[in-house]
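Given chain P, put chains V and H in place with the hints provided.
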Amino acid sequence: MSILRSSLLVAGKDLRIERRSRVAMQQVLPFGAIVLVLFAFALDPDRGLLSRVAPGLFWTAVLLAALLAVGRAFAVEEGNAARDGLRLSGLDGIAIFFGKAVAIVVELAVLEVVLGLGVVVLYDVEVHGLLLIVAAAIPATIGLAATGTVYGVLGLGVRARETLVPLLVLPAVTPVMLGGTQAFDAALDGRPGDGWPWVQLLWAFALLVVTLGALAFGPLLEES
Amino acid sequence: MTLKWLTGLTVVSLAVTVVLALVVAPADAVQGDAYRLMYLHVPTAWLAYLAFFVTAVASALWLWPRTRSTTWDLLAGASAEVGVIFTGLCLAMGSFWGRPIWGTWWEWDARVTTTAVLFFLYLGYLALRRTGVTAAERGKRCAIAALIAFADVPVVHFSVTWWETLHQDATVFNPKLDVHFEGFWMPFTLVFAVFAFTLLYATLVTARLQLAELEEGKEERELERAIERRVRVPAEQVPV
Amino acid sequence: MDHNWGYVAAGFTITFVTLAAYSGWLWQRLRRTRRSLADEGD
Chain P
1 MSILRSSLLV
11 AGKDLRIERR
21 SRVAMQQVLP
31 FGAIVLVLFA
41 FALDPDRGLL
51 SRVAPGLFWT
61 AVLLAALLAV
71 GRAFAVEEGN
81 AARDGLRLSG
91 LDGIAIFFGK
101 AVAIVVELAV
111 LEVVLGLGVV
121 VLYDVEVHGL
131 LLIVAAAIPA
141 TIGLAATGTV
151 YGVLGLGVRA
161 RETLVPLLVL
171 PAVTPVMLGG
181 TQAFDAALDG
191 RPGDGWPWVQ
201 LLWAFALLVV
211 TLGALAFGPL
221 LEES
Chain V
1 MTLKWLTGLT
11 VVSLAVTVVL
21 ALVVAPADAV
31 QGDAYRLMYL
41 HVPTAWLAYL
51 AFFVTAVASA
61 LWLWPRTRST
71 TWDLLAGASA
81 EVGVIFTGLC
91 LAMGSFWGRP
101 IWGTWWEWDA
111 RVTTTAVLFF
121 LYLGYLALRR
131 TGVTAAERGK
141 RCAIAALIAF
151 ADVPVVHFSV
161 TWWETLHQDA
171 TVFNPKLDVH
181 FEGFWMPFTL
191 VFAVFAFTLL
201 YATLVTARLQ
211 LAELEEGKEE
221 RELERAIERR
231 VRVPAEQVPV
Chain H
1 MDHNWGYVAA
11 GFTITFVTLA
21 AYSGWLWQRL
31 RRTRRSLADE
41 GD
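Protein chains in written order, with the working numbering: chain P, 1 to 224; chain V, 1 to 240; chain H, 1 to 42.
Because the hints were derived from the structure by calculation, they are not lab data. A portion of the hints provided could be inaccurate.
DEER-style ranges, computed between Cβ atoms [unchecked claim]:
no.	chain 1	residue 1	chain 2	residue 2	range
1	V	106	P	84	43 to 49 Å
2	P	84	H	31	18 to 24 Å
3	P	126	H	16	31 to 37 Å
4	P	47	H	14	18 to 24 Å
5	P	80	V	8	32 to 38 Å
6	P	81	V	198	27 to 33 Å
7	H	10	P	163	51 to 57 Å
8	H	10	V	231	55 to 61 Å
9	V	198	P	131	49 to 55 Å
Okay, derived cross-link-like pairs now, DMTMM-like style, lysine to aspartate or glutamate, Cα gap no bigger than 25 Å in a straight line [unchecked claim]:
no.	chain 1	residue 1	chain 2	residue 2
10	V	218	P	223
11	V	218	H	39
12	V	4	H	39
In this text, all values refer to a predicted model and were calculated from it rather than measured experimentally. Built from N, CA and C at the ideal position, the CB exists for glycine as well.
One chain only, chain P, in its complex shape (with noise of 0.2 Å):
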């Protein structure tokens, strides 16, 4: 089998296990939107002093249920021997990696779309540059679904993986973080001029953790 076809498969079955369990809807956005009302109490609502920081709320509040939805992905693996099931599919690491990846970066579409509207509802957010603030938020996603995939197939068997992933993940993501909110920034303030520089670096640190994971997550199956 390709290895299109194997990952399509691989991210199917997970989409299709969230889509029946969904913990990603019902759990994780809801996780993501309290964490925006969050920042909310611990910040001045009034002055405008919210809507001036939205964009990196807005990206602080996606990696972190990010996070969520890494250690959801990995969860689903560690019962029922789903391990050596994957395992012993035959199916190419590469593949499986893109899968899972695939997978995570559709859910974190639907979660930065509805906390993207989070943010212009609660935050008072006008909204300028659309086609910036996409073009940042696809590399953006890829990048930290991409690192939280091959951190997370790391974690897999590990002791203390709920809290070893996330410390792991969020010092690595730091350009996803800074690019995204510069982006986001500068989309926003009716710069654009300045956001795209951004997006290649988005696109960069993409490509890498792609890279990097394809190549490790095999190997990493193997070992967990």
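Relative to chain P, chains V and H alone:
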């Protein structure tokens, strides 16, 4: 025996460094005496990066089947542990220097921020090292984690540097108040300090590696001996 | 500029106390492990 010599040499060099840094080197024209913390900050920074480079190389050597050996894995861990300590000290010394010079304990400039991210990257790596039970389990996971972190650092550095140019305030205090090491004693002390700290790194890593090699497999051997002892117990004495 | 000696002193103290503590821990563990390994041989 080499370790004893190395340790002795390190202690002497460090003592000389302290004397040079605090007494012999003159006060800076602009920054007065606060700059002396640079004699700690600069060497620890250099060694922090060296330590993580060693971790990356050792990890790669472990991953490559033809050079695979537990020693590389243990070296990666030892170097990372020492590296984290140096990184922490580097940040702390930068902070203590920054307070009187910048007026704040922290500045979100490129170097400081990247160093902070590096600190957390390797803290995570150290946490990962403690989760494996056997050498095999630990080796692969940690080697890959170390290489990913190492590849990430340039990207982080680049994005943070870029970010810094966007938020640098036009304040009176230039956050990049770099120290100028002029004359003879200032640059000499700096070079000597780097030399002394490099010796310190070598000593600490060697000792830490020795410790790791001695402890390696200790748990497995203890388990084997416990099983062996149980096997030798005669049938009547085995509790039913 | 003399009042900055406080920061210098604090910085140097913290550095060398930390290094001494780590070294001390290392050497103590080394000694203990070597001793217990010697016992293992029995």
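Discussion item. 27 to 33 Å was suggested as the range; check whether the CB atoms of residue 81(P) and residue 198(V) agree with it.
Written reply: violated, 50 Å
Worksheet item: Do residue 106(V) and residue 84(P) keep their Cβ atoms within the hinted range of 43 to 49 Å?
Response: At 48 Å between Cβs, range holds.
Worksheet item: residue 218(V) and residue 39(H): Cα distance at most 25 Å?
Response: With a Cα-Cα distance of about 12 Å, the restraint between residue 218(V) and residue 39(H) holds, given a limit of 25 Å.
Practice prompt. Can you let me know if the beta-carbon spacing of residue 80(P) and residue 8(V) is within 32 to 38 Å?
Written response: violated, 59 Å
Worksheet item: Would you say the C-beta atoms of residue 47(P) and residue 14(H) sit inside 18 to 24 Å of each other?
Response: violated, 40 Å
Worksheet item: Quick one, are residue 4(V) and residue 39(H) close enough, alpha carbons at most 25 Å?
Response: Holds, because 24 Å separates the two Cα atoms, which is no more than 25 Å.
Worksheet item: At the C-beta level, are residue 126(P) and residue 16(H) separated by a distance inside 31 to 37 Å?
Response: Hint violated: Cβ distance 55 Å, outside 31 to 37 Å.
Worksheet item: Is it true that residue 84(P) and residue 31(H) lie within 18 to 24 Å of each other by Cβ?
Response: violated, 44 Å
Worksheet item: Is the gap between the beta carbons of residue 198(V) and residue 131(P) within 49 to 55 Å?
Response: Cβ of residue 198(V) to Cβ of residue 131(P): about 51 Å, so the range 49 to 55 Å holds.
Item to complete: Verify the proposed pairing of residue 218(V) with residue 223(P), using a straight-line Cα cut of 25 Å.
Response: holds, 22 Å
Discussion item. Quick check: does the Cβ-Cβ distance between residue 10(H) and residue 231(V) fall within 55 to 61 Å?
Written reply: holds, 59 Å
Worksheet entry | Cβ distance range 51 to 57 Å for residue 10(H) and residue 163(P), holds or violated | violated, 33 Å
Checked against the numbered hints above, the structure breaks hints 2, 3, 4, 5, 6, 7 and satisfies the rest.
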